[in-house]
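Enquirer: These protein sequences, in sequence, are chains E and S. Take 1 as the starting number for the first sequence in the working numbering and just add one per residue. Take 1 as the starting number for the second sequence in the working numbering and just add one per residue.
It is worth saying that the hints were derived from the structure and are not from the lab. Backbone N, C-alpha and C define an ideal beta-carbon position, used for all residues, glycine too. Hints should not be assumed to be uniformly reliable.
As the list claims (entries may be wrong) - The calculated BS3-like cross-link candidates involving lysine-lysine, where the alpha carbons are at most 25 Å apart (straight line), are: (1) K166(S) <-> K136(S); (2) K418(S) <-> K27(E); (3) K168(S) <-> K318(S); (4) K51(S) <-> K166(S); (5) K249(S) <-> K168(S); (6) K249(S) <-> K272(S); (7) K249(S) <-> K300(S); (8) K8(E) <-> K436(S); (9) K168(S) <-> K23(S); (10) K414(S) <-> K436(S); (11) K56(E) <-> K27(E); (12) K418(S) <-> K8(E); (13) K168(S) <-> K8(E); (14) K56(E) <-> K98(E); (15) K56(E) <-> K355(S); (16) K56(E) <-> K414(S); (17) K23(S) <-> K249(S); (18) K98(E) <-> K8(E); (19) K56(E) <-> K436(S); (20) K8(E) <-> K56(E); (21) K414(S) <-> K27(E); (22) K27(E) <-> K8(E); (23) K166(S) <-> K318(S); (24) K51(S) <-> K136(S).
What the hints assert, rightly or not - Computed beta-carbon distance windows for the label pairs: (25) K27(E) <-> T121(S): 44 to 54 Å; (26) K27(E) <-> S331(S): 52 to 62 Å; (27) Q25(E) <-> D115(S): 23 to 33 Å; (28) R6(E) <-> H267(S): 37 to 47 Å; (29) E372(S) <-> R95(E): 40 to 50 Å; (30) K27(E) <-> G349(S): 53 to 63 Å; (31) K249(S) <-> R6(E): 41 to 51 Å.
These are the residues of each chain, in order.
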Amino acid sequence: MASHERLKSLLMECVREYAEQAGVQVKIDENTPLLGADSAVDSLGLVMIVTGFEAKVNETFDSGIVLANESAMSMRRSPFRSVAALTEYAGQLLREAKAA
Amino acid sequence: MNWGGATARPLAWLLERFEAHAKDEAVIWRDRAATYRQLLDRIGEARELLKSNGVRRGEVVLLDADFSPASIAMLVALIAEATIVVPLAAHVTADRDELGEIAQVGRSIEINDRDQYEVRTIDRPTAHPLLLRLQKEGSPGLVLFSSGSSGRPKATLHNLDFLLNKFKVERHTQRMITFLLFDHIGGFNTLMYTLSNHGCVITLEARDPETVCRTIAEYRAEVLPTSPTFLRLMLMSGAHRRHDLSSLKVINYATEVMPQAILSQLHEAFPKVDLRQSYGLSELGILRSQSRSSDSLWVKVGGEDYQTRIVDGQLHIKARSSMMGYLNAPSPFTDDGWFNTQDEVEVDGEWIRFKGRRSSIINVGGEKVYPEEVEAVILEVSNISDVTVGKEPHPFTGNIVVAQVRTREPEDLKELTKRIRAHCFSKLPAFKVPVKVRMEESDQVSERFKKKRSQDHSPT
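Excised from the complex, chain E in its bound form (with noise of 0.2 Å):
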């Protein structure tokens, strides 16, 4: 069962690997905005964020989720707004994927 702390573990993971090899200064937890105005990471960032989260999400569950999906993308309440946001959407998608 993927529990949330190793969901958000894989993804705090994800966001340092983009810092590192983007050379930006980004302080990580539960808390760091993914997107807007108050966030260290740009667009791009966050595609390679997300493209990288859900690999690892994939290969650790043996699932098959799409994280950035048009579904995703018209929720009012963006789930990529936060580490916090994405982790619980990465645990919906997987609940989701086991129930069907």
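Dock chain S against the given chain E, drawing on the hints supplied.
Expert: Just chain S now, with coordinates in the frame of chain E:
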């Protein structure tokens, strides 16, 4: 008014309009407004500087700058002095010396942090027949670097007497956000449209949704010309809900194919704003266009200076204001002057809908990526023996850059990906850095991947 060949005083009509609207706001830059009077003064200073440096009519001058009162004044001054301008935005990371060499630049003007000019002379003769022809005609010129299906950007040369002709017709006075920079045909067009109708050029400190929306609200912008990717990011970020965007009347989108889902969301978020698709190319200028409705991707393109036809499902255009030619490639025009845009379209009577472009260039959020440029950087990474760069569709940015590599010695893909990304980040802007890296297993895979790239018909 001179509609034909070289004008003795190019832009005299524009400067007259500036005089007539001297008290109006011309440029908003770093939270300060400059009036047309102040802009005229700066243009006067810029022309003096050109004269004192001995810059002559027909000289090729590189203008290395982003939008600011000084850069706009210098651009107008360079055109008014009938030079051939090569604008390059500060964000351009390509080799400036190489671009300067292609355009046979003899002088470069940079604008420093204090908005002051730095002029540099380069000892290089102008020899290209097209440049010599333009010099002989005495018309001002413009060099823009365009997409090409080969690795190197192509330099398009325009006679500005033709390209600027359409701006002599007075249209709406508008307050416009300058999202695209002036080394892009769209950015150049926005700037000239705004200035020629004595509107207000609103410059941006950054191009993220929050900054753009705040700037629109603060300076009551009426028009936002931008890309589908930006609009998508704005909708995702919710920035448009945090600012008062009631001044906005028109959103123009161009540079890449717009997904219907995003257009529908945008229409829902901005029911009163006119959503218009623009269409233009560095080779031809910006065509007049009309969208069937705000939530429709069907569009009519043309205008008085343009003829269009569809051949093999691709849009061909014949333009009176098209470029003179490329400085580093053969002429792309047919004998009777038609240009194949390579844009694949569907047709419904007089309406067309864009499906994508047939070429190897990868469009990431409206920015062009030449696979060959990224491949060259990846090949500098140790243990890489071969690489092919391609694309994959992605809902955030339209496409993402994907690299398929082959190594000399076996290496863990995760470690290799980290090394490749870190090296690419040090050499390339973020949109060119591969999002995915794959390891090749056999030669056949490489062949398939390459074949796939050259025949790829997916939207750019």
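Enquirer: What's the verdict on K166(S) and K136(S), does the C-alpha distance respect the 25 Å limit or exceed it?
Expert: holds, 23 Å
Enquirer: Would you mind confirming whether the straight-line C-alpha gap from K249(S) to K300(S) stays at or under 25 Å?
Expert: The given pair, whose Cα atoms are some 20 Å apart, holds under the 25 Å limit.
Enquirer: Under the criterion that the straight-line Cα-Cα distance not exceed 25 Å, is the pair K8(E), K56(E) satisfied?
Expert: OK: K8(E) and K56(E) at ~11 Å, within 25 Å.
Enquirer: Would you check the hint for K249(S) and K272(S), treating anything up to 25 Å between C-alpha atoms as holding?
Expert: Since the Cα atoms of K249(S) and K272(S) sit roughly 7 Å apart, the hinted pair holds (cutoff 25 Å).
Enquirer: Decide if the proposed pair is consistent with the structure: K8(E) and K436(S), CA atoms, cutoff 25 Å inclusive.
Expert: Distance ~21 Å between K8(E) and K436(S) Cα, so the pair holds.
Enquirer: Given the proposed pairing of K56(E) with K355(S), does the C-alpha separation stay at or below 25 Å?
Expert: Between K56(E) and K355(S) the Cα gap is close to 33 Å, so the pair fails against 25 Å, i.e. violated.
Enquirer: Between K414(S) and K27(E), does the CA-CA distance stay at or below 25 Å?
Expert: holds, 23 Å
Enquirer: Can you confirm whether the C-alpha distance between K56(E) and K436(S) stays at or below 25 Å?
Expert: holds, 12 Å
Enquirer: Is it true that Q25(E) and D115(S) lie within 23 to 33 Å of each other by Cβ?
Expert: holds, 29 Å
Enquirer: Are K414(S) and K436(S) close enough, with their CA atoms no more than 25 Å apart?
Expert: Between K414(S) and K436(S) the Cα gap is close to 11 Å, so the pair holds against 25 Å.
Enquirer: Does K8(E) sit within 25 Å of K168(S), going by the straight-line distance between their CA atoms?
Expert: violated, 59 Å
Enquirer: Indicate whether the distance between the beta carbons of K27(E) and S331(S) respects the range 52 to 62 Å.
Expert: Once the Cβ atoms are compared, 55 Å apart, the range 52 to 62 Å for S331(S) and K27(E) holds.
Taken one by one, the earlier hints fail for this structure at numbers 4, 13, 15, listed in ascending order.
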